[in-house]
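Given the sequences, and given the hints that come with them, work out the whole structure.
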Amino acid sequence: MDQHDGGHSANPAMAGMDWEVLDVVVVLLLGVGALVYALGLWAARGRSPWPLRRTLFWYVGIGCVAAGLLGPVAQAAHTSFTAHMLGHLLLGMIAPLLMVLGAPITLAMRALPAVAARRLSRLLRSAWIRGLTHPVIAATLNAGGLWLLYTTELFHMMHASAAVYALVHLHLFAAGYLLTASLIGPDPDPHRASMPVRSAVLVLFIAAHSILAKWLFAHPPQGVEPADGRAGAQLMYYGGDVVDVTLIVLLFAGWYAATRPRTSRSRGSARADDHETRGARA
Amino acid sequence: MSRHSKAQFDRRVLLSGVLFGSGIAASMIDLFIFHLALQWHHFYDLSTTEVALTADGFFHAFGWFITVWGLFLLADLRRRTAIPWKRWAGAVITGVGFFQLLDGVVSHKVLGIHQIRYGVDLLLYDVVWIGSAVVLLLIGLLMLRRTRHHPATT
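Sequences listed follow chains L and X, in order.
Residue numbers are given in the working numbering: position 11 of the first sequence equals residue 6, and the series is strictly consecutive.
Residue numbers are given in the working numbering: position 43 of the second sequence equals residue 50, and the series is strictly consecutive.
Hints are computed from structural coordinates only; laboratory data are not their basis.
Idealized CB from N, CA, C, for every residue including glycine.
Heads up, a few of these hints could be off.
A few chain X residues that face chain L, going by a derived Cβ cut-off under 8 Å, partial list only [to be verified]:
| hint | residue |
| --- | --- |
| 1 | F72 |
| 2 | V75 |
| 3 | W76 |
Written out as structure tokens, the structure is:
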């Protein structure tokens, strides 16, 4: 894998080893992610049917992580800024969105025995998780990480060291997952932030993302060709937009489902004006 | 339906229309027609200040947000009551006109964040842009005025 180290390391053979180890770790982690979800489906097979779309979301999401970290896009990302940005879009935005929609926590709750499920539920209520899954914290981790990556030396350090590369990409995925889950996750969230808070965070995050994309258009990282930098920045801007608009739609779809008007049938004693409304429509 | 909720629904019809109208003006008309199709605006105007860039980013995010917000408000109203479509359309046109006027006057002329087109005499473009915005705004307000007393009719 000599194309990985690009002459940055004092010992290319050792550096090559690091990158190979990283690839193996990624394959193993993705394998575990695929297997555990399948085991969950198997263990919960006696429960009410599991929507097929959730399973599809999960596995396509795993495919997006694989495409972002292994294979041709990841290879090209070491020399092409545009390919790098495509990899980031896949790993940091598209894969987290799809995997959140796969509702892994809900699946775990169904699959686990009662005692273990209660333990998981307690863990989710812990102060730690509560803090991390607050949209403000999650958005700060996400946007802050991106700004650090592209406005400091981190971008170069990442390409010189497999360990830094692994940490940056782990953070990218995890922060993407946390933010998506805190805003629109179908999984149970005992501390779900209010609609105004989630709306404000999403608007601020989209703003930070698009400002960074435009800033990168004018100031590509050192060593990146201007044309390549511009193409990458535009991919970040418009690709990010597609995911961001999807997030806005899902946020309001959640609100739409939650504010469903209660009919007289579902409430038992309906308010008088409910009857009038229904009469007026009929 | 009580009189109170009727007024409430009417306010929501207006809010939904104006949000959606401003939103499509900001995110759809501006992005798809002027940035992507005609490529008159630049993706990024290198001469602008960092402040203008930041303002643009917030604006962009808010544009998409209010577009979707307006549509979901409409969907919510639809399942609760009959929508007065003419009134809603009037609110949408008002929103488009209001936004284009704001954009044409404040961001093009007062702040100078970006212009409609570069390297040409701007007067004609500005007259067409701001003029059409005023016309749209007037049409929208007229439609709202004419549908004011019959909020429930479609």
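Contradicted hints - numbers only:
Every hint satisfied by this model.
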